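Just so you know, the protein sequences line up as chains A and B, in that order. Okay, so the first sequence: first residue is 13 according to this note's numbering, each after it adds one. Okay, so the second sequence: first residue is 206 according to this note's numbering, each after it adds one.
Misleading hints may appear alongside valid ones.
[Unchecked claim] In silico lysine-lysine, DSBU-like type, Cα no more than 35 Å apart, as pairs:
#: 1; chain 1: A; residue 1: 90; chain 2: A; residue 2: 61
#: 2; chain 1: B; residue 1: 320; chain 2: A; residue 2: 90
#: 3; chain 1: A; residue 1: 93; chain 2: B; residue 2: 490
#: 4; chain 1: A; residue 1: 92; chain 2: B; residue 2: 286
Don't read these hints as lab results, they were simulated from the structure. Owing to the predicted nature of the structure, the values given are computational and were not obtained by experimental measurement.
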Amino acid sequence: MLRLIIALCLLCLPVQAAEEQVVLGLSQDRVSITANFDGSDILVFGAVKREAPIPQGPPLEVIVAVAGPSEPVTVRRKEKKFGIWVNTDSLVVDLAPSFYAVATSAPFHEVLTNVEDLRHKVSIERAIRSVGADMSIQGAQDFTAAVIRIREHEGLYSIRENTVAVDEQTLFRTSIKMPSDLTEGNYSARIFLTRGGNVVSSFETAINVRKVGLERFLYNMSREQPIWYGLMSLAIAIAAGWGASTAFRLLREN
Amino acid sequence: MQIYLPIAEVSVNAFLLFGLGGMVGILSGMFGVGGGFLMTPLLFFIGIPPAVAVATEANQIVASSFSGVLAHFRRRTVDLKMGTVLLVGGLIGAALGVVLFNYLKSLGQVDLLVKLCYVVFLGVIGSLMFIESLNALRKTRKGGASAPKRRQRGWIHAMPFKMRFRTSGLYISVIPPVMVGLFVGILSAIMGVGGGFIMVPAMIYLLGMPTKVVVGTSLFQIIFVTAFTTMLHATTNYTVDVMLAVLLLVGGVVGAQIGTVIGARMPAEQLRVLLAALVLVVCGKLALDLLLQPAELFSLGAPGGH
């Protein structure tokens, strides 16, 4: 029975989506990490395409969620043992995005209901997955909370309410700030159109974050030719040491 | 000026790295220590991942030690023979240390052990040096030129395989230097340092080498041990960040030159008091970190890694 309802819901979705659709633009669909990379702002803008007049009822709200590649994370908790603070319990959070930013056009609980959040995994809490939580550890949810707290502190996770500007229920725009400590990978940008807390349409696109130039060259070399990379590092070190020594001697003799 | 580090995958201020490199370089030139025991914790502090900090620091120590040792070669204060003997032990020790390090890593407690190692060794060596060098300083102040030249004729002199070390003016068995090298090699691989802060006192107090040649010989030996460690890290963990190393060593090599000049102008006893004080300060800071409740009880890491 439940399955049937879900199947029906899924069938209904495209019909809903057909009424109002997202036409999206990004100021850039690739982020190049160069040597002097110090963060990037991505302008996300778009319009709502519809065949019919604007539906009556609650106004259209927009959510933009940009996520980095998800990876498992080990969270360790310190406890006081024998007078010193040591890592005791640890828990692996199955999947946590390396970067996650949500921008909304109104307070979060107004633009999205809990049920819809659960389905689309939009809020930070839902974007992190920890299914295999070890029940023997006290307060397993403290660990996921810690991931969010630490990464929010580092500027990697953020939820910014009221930062999406919506004009005439048709045009919307926001800017997503990417910090300088970015890791490589395929980032996803998801846009949700909601009315009365329910998602009426969604759209997903990819943002490619890549190291380029010298960064790319050094990274590849360290993985593909580790021996030459190591020798190169040593050669640079020796040359710098010799160079400084000689320069100083000449300086002192003159 | 922000610089993105390709291996560490973080963005840091280039001038901050120049500054850190320069400061640690001066100390390294003055005292003949690689400076790793200062630099590695500083790199943790500015947000470099520990694995990258340890590996890159080894590479940077190669540069500052090489720069420093050239100055000592010109002053003929390097005992090449003793350095080579120490090196033999050092390389074996470093290889053993890496094996031990990986074993501890699999147990998940490597951070704690590294910190405890720091606190214990820095504490013991710092206190011993501080007391000893203060006593020596007091004696020279009194004008008692009759420094106890008489060397201990203890167990060290009873060992076989004796060798003459002309530059140091010693005729001792090769077993103690090899053992010192081995021990320091193990510690340097675990703690991510060159090991000068252990090597220097061991050479003075255990082997009885004259203070004059200790610094140069220690630097000479450190170059090879850290070069070996760099290669091990580069090929097994891929954690050497050349970009970070270059930024650090630009400041480091210049600092080391300045430090060597300062060191040559200061009396050996005062130099030792200062080094001892420095070691104790770092030890105290690390001990406080273990004893006081941290602001954040949780820490994140890649599974299986740090």
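We went through each hint and held it up to the structure:
no.	hint	result
1	90/A with 61/A	violated, 52 Å
2	320/B with 90/A	holds, 14 Å
3	93/A with 490/B	holds, 19 Å
4	92/A with 286/B	violated, 48 Å
When the structure is compared with the earlier hints, violations turn up for hints 1, 4 and for no others.
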